[in-house]
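Here is how the chains run, residue by residue.
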Amino acid sequence: MIQTRPLPEVVIRAEDPPPGLVAGLREIFVHRELLWALGMREVRVRYKQSLLGVLWAAIQPLTMMFIFTIVFSRFARLPSEGVPYPVFSYAALLPWNFFSSAVSHAITSVAGGGALIKKVYFPRAVLPLASMLTSGVDFLVSAGVFGLLMAYYGVPVSWHVLYVVLLLLLQVAFMIGVSLLLGAFNAYYRDVRYVLPIALQVWLYATPVVWSMTLVPERYRAWYALLNPMAAAIEGWRAAVLRASAPDLLLMAAASATTLAVLLAGYRYFHHVERNFADVI
Amino acid sequence: MRHAIVFDRVSKSYRRGSARYRSLRDDLVTLLTPWSWTKRREAFWALREVSFEVEQGQALGIIGPNGSGKSTTLKLIARITHPTEGTLRIRGRVGALIEVGAGIHPELTGRENIYVYGSILGLRGREIRRRFEEIVEFAEIGSFVDTPVKHYSSGMQVRLGFAVAAHMDVDVLLVDEVLAVGDAAFQSKCLRRIRELRDQGVTILLVSHQLANVQRICPQTLLLLHGRVAARGPTPEVIAEYYRYLDRSGASTAEVIRQPGMPASRGDDRVRIVAVRLLDSSGRERPTFQMGEDLVVRVEYAARERVERPQVSVSFNSSDWTVYTGMDTRNENFLIPAMEGRGRVDLVVPQLGLGPGLYEVNVGIWDETLSAPYDWRWGIKRFVVDSTRPLFAGRFVLPHRWTWQTTPGSEAPAVIVAPGGEGAAAVDRFQGALLGALHTLLNGEFVVPASHRRELLRPLDLRASRVPWDVFQPAVVALRELRGGLPHRVRALAEEGAPHRFLPFERAAQLLCALYEELDRHLEDGADQDVRVLREFDPGVYRERGMEAVVRLGEHVREALAPYLAGFYLHGSLSTLDYTPYSDLDDFLIVQHQTLLDPEQLMACAERCVEAARFLYEHDPLQHHGHFVLTELDLRRYPPAHLPPEVLPYATAVVGPSALRIRARDGSRSYRRQAERMARQLARHERASCNVWEFKDLLARVMLLPALYLGAAGEPCYKKFAFERARPHFDGAWRVVEIATELRERWSYRPGVREALLRAVSLRHLRNPVVYRRLIARYAPPLSPELTRFLWRTDFYTEVRRFAMRTLQLLEQGEG
Chain D
1 MIQTRPLPEV
11 VIRAEDPPPG
21 LVAGLREIFV
31 HRELLWALGM
41 REVRVRYKQS
51 LLGVLWAAIQ
61 PLTMMFIFTI
71 VFSRFARLPS
81 EGVPYPVFSY
91 AALLPWNFFS
101 SAVSHAITSV
111 AGGGALIKKV
121 YFPRAVLPLA
131 SMLTSGVDFL
141 VSAGVFGLLM
151 AYYGVPVSWH
161 VLYVVLLLLL
171 QVAFMIGVSL
181 LLGAFNAYYR
191 DVRYVLPIAL
201 QVWLYATPVV
211 WSMTLVPERY
221 RAWYALLNPM
231 AAAIEGWRAA
241 VLRASAPDLL
251 LMAAASATTL
261 AVLLAGYRYF
271 HHVERNFADV
281 I
Chain G
1 MRHAIVFDRV
11 SKSYRRGSAR
21 YRSLRDDLVT
31 LLTPWSWTKR
41 REAFWALREV
51 SFEVEQGQAL
61 GIIGPNGSGK
71 STTLKLIARI
81 THPTEGTLRI
91 RGRVGALIEV
101 GAGIHPELTG
111 RENIYVYGSI
121 LGLRGREIRR
131 RFEEIVEFAE
141 IGSFVDTPVK
151 HYSSGMQVRL
161 GFAVAAHMDV
171 DVLLVDEVLA
181 VGDAAFQSKC
191 LRRIRELRDQ
201 GVTILLVSHQ
211 LANVQRICPQ
221 TLLLLHGRVA
231 ARGPTPEVIA
241 EYYRYLDRSG
251 ASTAEVIRQP
261 GMPASRGDDR
271 VRIVAVRLLD
281 SSGRERPTFQ
291 MGEDLVVRVE
301 YAARERVERP
311 QVSVSFNSSD
321 WTVYTGMDTR
331 NENFLIPAME
341 GRGRVDLVVP
351 QLGLGPGLYE
361 VNVGIWDETL
371 SAPYDWRWGI
381 KRFVVDSTRP
391 LFAGRFVLPH
401 RWTWQTTPGS
411 EAPAVIVAPG
421 GEGAAAVDRF
431 QGALLGALHT
441 LLNGEFVVPA
451 SHRRELLRPL
461 DLRASRVPWD
471 VFQPAVVALR
481 ELRGGLPHRV
491 RALAEEGAPH
501 RFLPFERAAQ
511 LLCALYEELD
521 RHLEDGADQD
531 VRVLREFDPG
541 VYRERGMEAV
551 VRLGEHVREA
561 LAPYLAGFYL
571 HGSLSTLDYT
581 PYSDLDDFLI
591 VQHQTLLDPE
601 QLMACAERCV
611 EAARFLYEHD
621 PLQHHGHFVL
631 TELDLRRYPP
641 AHLPPEVLPY
651 ATAVVGPSAL
661 RIRARDGSRS
671 YRRQAERMAR
681 QLARHERASC
691 NVWEFKDLLA
701 RVMLLPALYL
711 GAAGEPCYKK
721 FAFERARPHF
731 DGAWRVVEIA
741 TELRERWSYR
751 PGVREALLRA
761 VSLRHLRNPV
771 VYRRLIARYA
781 PPLSPELTRF
791 LWRTDFYTEV
801 RRFAMRTLQL
811 LEQGEG
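Line order of the protein sequences matches chains D and G. The first sequence begins at 1 in our numbering and counts up by one. The second sequence begins at 1 in our numbering and counts up by one.
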């Protein structure tokens with residue numbers, strides 16, 4: 001049959017470097033429907049045949065909140081900046097759980113998606129991104145519960161809450177960077193899988209989730225945020241939601257710098273190794 | 001022609017022996033031990049400097065033994081993996097059917113999976129929605145679409161995966177051995193779909209071990225051996241090359257390949273196996289056997305001293321060490337009194353029942369109790385089993401027979417079939433020509449100069465009618481070639497018929513019987529008995545659709561023709577009802593052997609056939625009705641796979657109350673005139689809004705053209721047989737026939753239209769073509785939008801014109 005429309009040609013050279021940032025992003029954009037479909041598939045699968053369904057997404061942070069309240073507020077008597085401790089800790093647990101569940105799913109998604117990777121071509125970054133999407137749904141559910149919690153304790157809400165959008169942006173960018181970096185690494189070295197739960201556990205206590213940022217001396221805070229952008233993000237949450245103030249600009253700048261670096265490094269590394277995934281997984 | 005795929009010295013290497021994934025510790029150790037840095041891991045080259053290209057719209061098969069790089073090639077094209085060296089170019093969107101269903105999730109429902117899997121394969125949500133119904137229908141999951149896939153049978157899961165993948169709009173389709181899954185019916189459906197895509201201009205790369213399938217789909221094939229291109233060219237030649245390779249490697253590696261840990265030979269050496277030969281029924285040593293052929297395993301031995309009552313064992317295993325069957329003399333009570341000096345033992349396997357594949361032969365000579373071997377060789381010989389049966393399902397054939405019963409208590413007539421062997425071509429030609437003659441005789445087309453439907457309505461006096469000599473001429477010529485002269489009886493009849501161009505009906509029957517007697521003589525040898533029964537006429541479907549006339553016809557024929565027929569199969573192209581107002585029936589008659597040898601019976605049979613046809617016209621004036629005739633003798637020659645229902649799609653119809661005046665078969669000049677006339681009309685044909693009746697008419701012309709062309713070329717031509725024979729001539733223009741075939745299969749019955757027509761049109765109208773036409777035109781609805789879209793999408797009208805142009809071109813060439 002005579003082809004009437006000219007077909008685009010793809011040239012694959014062995015020695016070609018991986019495509020650049022823009023081309024890579026464009027490809028992911030082309031595959032946005034796949035991203036969506038895979039993300040939603042996980043959501044469906046996760047809560048299929050479970051009695052409470054998506055409510056589990058709220059039960060987990062609530063449980064943690066109870067434990068933290070009993071352990072750290074009643075026994076350890078940690079300060080909670082004048083708000084009820086449950087709200088204080090939940091405000092941090094909400095973004096933190098999003099972070100930890102997204103990162104741990106995303107990192108294993110590449111190695112776990114072997115069946116697909118070996119059979120079908122698509123930009124591999126879709127896999128970790130789709131897992132984040134799934135965790136995003138959980139996040140939305142537990143955010144709803146947070147709203148109820150605030151109402152119950154009568155914590156006033158101001159327009160400063162809108163800063164949360166910016167904070168989420170920062171957090172998601174950081175998560176993508178970490179996931180790409182470690183996800184690709186995990187495809188080669190499964191050790192990551194074992195280190196990850198421990199690392200996240202340590203990270204949790206190295207982040208002001210159960211304790212308040214006020215415990216860190218003022219002059220170290222920027223360095224601290226540079227080291228741990230999640231700390232800045234969570235502190236920002238408390239500021240915006242509980243204290244009705246704007247997040248600290250310095251902390252934000254420091255966290256953004258690290259995030260950008262991690263994001264770029266993650267992307268570059270992932271892109272560099274992704275074409276060999278099918279051979280090593 | 002542009003290339004869809006170009007491989008330019010492409011290589012791909014993997015690290016051999018390394019674990020599937022590394023652990024950090026290993027790499028750290030390597031890093032910390034500098035002396036191991038230079039010790040590079042051994043690379044395994046899955047592909048080495050492979051260059052080839054595939055033109056757009058071409059179908060290329062890729063064959064080779066396991067590990068030769070076939071799948072790697074596909075993975076490179078699918079961009080699943082990246083080449084180590086070289087460049088490849090791919091034009092257009094690529095779809096891969098590599099282990100379909102990899103993205104199917106058991107917890108999700110069929111519907112959810114269709115969307116997810118579709119987007120994994122690169123389909124847009126919009127595209128999936130548009131094709132959803134089609135996909136569900138293709139997958140045959142119907143009402144299970146909202147059931148979680150984990151409750152599906154494995155067959156359904158595979159079908160679902162394939163259905164989604166097969167409905168992608170792609171320019172290049174990669175198919176890797178997916179045809180090995182599913183039952184035979186689904187396999188054939190997949191094959192059909194792949195061919196359909198091929199004919200729509202999709203470039204296809206097919207990797208398969210089923211060489212018959214490669215042959216059916218791909219005109220060109222690439223042979224990969226050890227990661228290099230060993231051959232590229234027309235499929236049959238490349239397959240032959242592959243067999244030669246298997247044969248060579250079989251001879252050279254017989255000692256090398258053996259079960260791990262097993263010595264190639266062991267025993268106490270009193271008796272040695274000198275050679276093992278695989279022979280065909282004529283005693284020739286061969287590397288390849290067809291399924292159903294006879295195979296002789298000849299074991300030649302040399303004994304140093306006399307051994308009493310030795311036992312011999314032979315077993316066949318596949319290359320993965322599965323033993324398919326083992327045979328030994330002890331269990332089968334075959335006594336070899338003693339071995340002394342040299343000798344041989346033959347194991348005769350009549351009708352080799354192993355499925356297509358590569359097998360190894362293991363041979364042992366043992367002591368009396370079969371406990372200690374004198375000599376024992378594993379994998380001493382290899383052979384390939386190939387099959388002409390296009391869709392063989394399974395690994396071997398069990399000895400079996402079929403039976404069939406019409407009514408309780410009455411024994412069904414059994415039809416005898418022998419496996420298709422290598423018959424003399426001359427016998428084949430003779431038989432083919434005879435079949436044509438018989439077909440004409442039973443069809444009633446001979447009686448009237450213009451086989452106008454009207455004529456059929458008049459009472460026919462067969463004894464007063466005449467049969468054109470041309471009907472018999474090919475058979476007589478073939479017989480002369482076959483035996484170097486004509487037997488007395490035939491010559492007498494020929495001398496009567498040839499000068500007059502016609503034979504009275506009675507004489508025609510006599511001639512036909514005499515010819516069949518001759519054929520009988522030539523077929524007598526070697527026809528072994530295997531029973532096959534045709535599917536019975538099933539009135540249920542017709543009754544459901546309110547086609548009582550057809551049901552009555554079936555019953556009528558069954559009664560009236562029972563004494564003459566061995567089998568009867570009424571196949572209404574019910575599907576044609578969808579887009580046309582009239583039904584389209586063919587019947588498939590298997591004529592009893594004895595009928596063929598008795599002129600009286602033959603005439604009575606012909607009379608009943610004509611009567612049956614008329615019966616139907618009287619009940620259903622819109623009916624087209626044709627015969628497809630086989631004889632018991634033919635059944636022996638037809639491989640079972642070619643019998644119904646597979647053969648039936650090739651049966652076409654001569655249609656149209658007055659549109660197509662197909663004349664009696666009176667020589668190639670008349671064919672030429674008709675073919676030219678019809679081709680010219682078609683070549684001018686423009687797409688116009690037309691009704692279903694006109695469309696059917698157009699379709700009928702298209703389907704008739706190959707037969708007419710063959711007739712014009714002087715080949716005896718009966719429409720049913722014409723199609724496949726004509727196909728090679730129409731190289732490049734054949735697509736329209738495939739579209740037409742698809743049309744028959746796809747559109748479903750639209751109730752109401754036919755009934756309205758039948759009420760309005762009566763036999764009376766049929767006698768006046770003008771009135772008939774007008775009436776039909778009034779009741780025939782316009783083409784449905786769906787059908788119109790289909791025609792537009794497949795470029796149907798352009799294809800029609802191309803087809804007609806090609807015919808004219810062929811006719812012109814024939815002139816010179």
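Heads up, a few of these hints could be off.
Said to hold, decoys possible - Derived pair list, reagent style BS3-like, types lysine-lysine, alpha-carbon separation capped at 27 Å:
(1) D:Lys-118 x G:Lys-150
(2) D:Lys-48 x G:Lys-189
(3) G:Lys-189 x G:Lys-150
In case anyone wonders, no lab produced these hints; they're calculated from the structure.
query: For the pair supplied as a hint, Lys-48 of chain D and Lys-189 of chain G, is the alpha-carbon distance within the 27 Å limit?
result: Status violated; Cα separation ~34 Å.
- prompt: Does Lys-150 of chain G lie within 27 Å of Lys-118 of chain D when you go C-alpha to C-alpha?
  reply: holds, 22 Å
- request: Below or equal to 27 Å on CA atoms is what counts here, so check Lys-189 of chain G against Lys-150 of chain G.
  value: holds, 24 Å
Going down the numbered hints, you'll see the structure goes against just number 2.
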